[in-house]
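**Q** These protein sequences, in sequence, are chains A and B.
Sequential numbering of the first sequence, starting at 1177, is according to the working numbering.
Sequential numbering of the second sequence, starting at 424, is according to the working numbering.
Any given hint could turn out to be false.
To be verified - Quick partial rundown of chain B residues pointing at chain A, CB under 8 Å, derived from the structure:
#: 1; residue: 427
#: 2; residue: 429
#: 3; residue: 433
#: 4; residue: 439
#: 5; residue: 512
#: 6; residue: 518
#: 7; residue: 521
#: 8; residue: 522
#: 9; residue: 523
#: 10; residue: 526
#: 11; residue: 527
#: 12; residue: 528
#: 13; residue: 694
Since the hints were made in silico from the structure, they are not lab data.
Using N, Cα and C, we set each Cβ at its ideal position, and we do this for glycine too.
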Amino acid sequence: MSDGQSRPTNDAQIVVSGLTKQYRNVLAVNNLSFTVAPGRVTGFLGPNGAGKTTTLRMLLNLVTPTAGTATIGGRRYPELTEPLRHVGAVLEASSAHKGRTGINHLRVICAAAGLPRQRADEALALVGLTPAAKRKFKGYSLGMKQRLGIAAAMLGDPRVLILDEPANGLDPEGIRWMRGFLKALAAEGRTVLVSSHLLSEMQLLADDVVIIAAGQLVRQGPVEQVIGSMAQSVRVRVRTPQAEELTRALAEGPATVETDEHGALMIGGVDAPTVGRVALTAGVELHELTTERPDLERVFLELTAGKAGIR
Amino acid sequence: MSNLVRSELLKIRTTSTWWWLAIGALLSIAMAFPLNAWLFNTTVDGGGEELGVVGDAASAPAQAANLYTSGQYLGLLFVMLIGILMVTNEFFHQTATTTFLATPRRSAVIVSKLIAASLLGFAFWLVTTVIDLGAGAAFLALNDHGTLLGEWEVQRALLLNLMAYAIWTVLGVGIGTLITNQLGAVITASVLYLIGTQVIGVLFLLLSSWLDSMAVLKWQVIWPAAASQIMITPGESEMYPPWWVGALVLVGYALASGIVGLLLTRRRDIS
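Sequences and hints are given; from them, build the entire structure.
**A** Given below as structure tokens:
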């Protein structure tokens, strides 16, 4: 932040250090360490069962770690004096009494946290749920439940937002709304940590990613950097009526050539200009010449290969 | 802490469950009062022996005390259920997460539930007692007995009734923290309360005839529902210990379940 005021930037930093959770039969989280910076959206990624939810719940003092610490602004969650003014969390869609109205659900939280009652109305308006304020929770759609969860997280106007699979159950319009909402919060200097397994959505949303598998850290960093670390998998796609000639011409260099299911050539080991030059020299006619960068999904699948699944 | 108690009371007010239980408590008065009024007339007119109501229990003040606490039997069950639901609802509806995020100090949450439950128990006692006092005084006066409200035995019954309401609500919260499964907790507690007393009475009767000792009967008091019954029963009897033993046992159960539940809740993983 550029305002130069007294508040240190690490006030809203999340630090996970050596975090471990041993359940009776499963080592759910294994010596996990990472940091989450303010002012950015951080995607928390991992296959099902990787320990994402357990990690977030340990961060929020809902699950007791076997070892290690998790702090927000240098303090453990129970040490925060007014936790809802520091941290807002959205953990599961179905966490309200089915017979209680949406607005009353928020008022109960306001009362417990000592927040003014009108914050309930403001938070409901913030997520566009005002028309359903007096409807009972059991009548809410999945998307409305998710919005109510976000409203609850925003009651204390927190500097840190933690969301577990917030896009679940949202329609495309809802997902777009969520993306804009979270990006705006990060732009205001808040810390936003979002777990998800929707990788294409994460590529649009996240600035940083933390990737875990089997309870352990696999990779952490800015999205571009994490994808860039897999630069060897950049490939060039070529369409040509003279595939055999081009393959023969390229075989003299370091290039590897495969044919994809649509008949296009996927060329690795050389860049697009090189392929173009070789084609020109060999007199090969090109219909398409495209550099294919790996996306988050491919990087994720390569990084977590063999570590996914049931443990 | 007052914020938390307010939040707990708001939780109760914003669902319809307590409303149903309040109706239940009123209905139980409506059923019990005519019965107790008939019992009063019969025993005071000297017909108590056929019903097994003799000695101190057949006196006008004792019968008036019974009349003024009409509906207590089911009323206590209902306040206990409210206490149970105050805790198990958090797990059944998965609101425990939200609750403990707002207040990570879990002991404070449980203690505020205990306070809110006691307040609610008091409210139930107040409403049912006001109804009983109105109806009872009218009935007694119309039958030329006077209101009998000056009798210590009657006043004592009203106060012990208050104590019973407070303890059973707190006990409900304790049971809820021990058995977080809603259906499991409700069924267990109802069985302990409703069926328990009779079964325990018979068991101890068999035990006492087998051991050929009346003193064994007094140990019924270890059963919560029996303790409650003994606490509110006036007069001395060689079958039961004095009322205060019942009161102590009941308070002991409420404290023990509350403390064990509190310790369990502090350690429990919420997922």
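**Q** Compare the structure with the hints numbered earlier in the document and write down the numbers of the violated ones, lowest to highest.
**A** none
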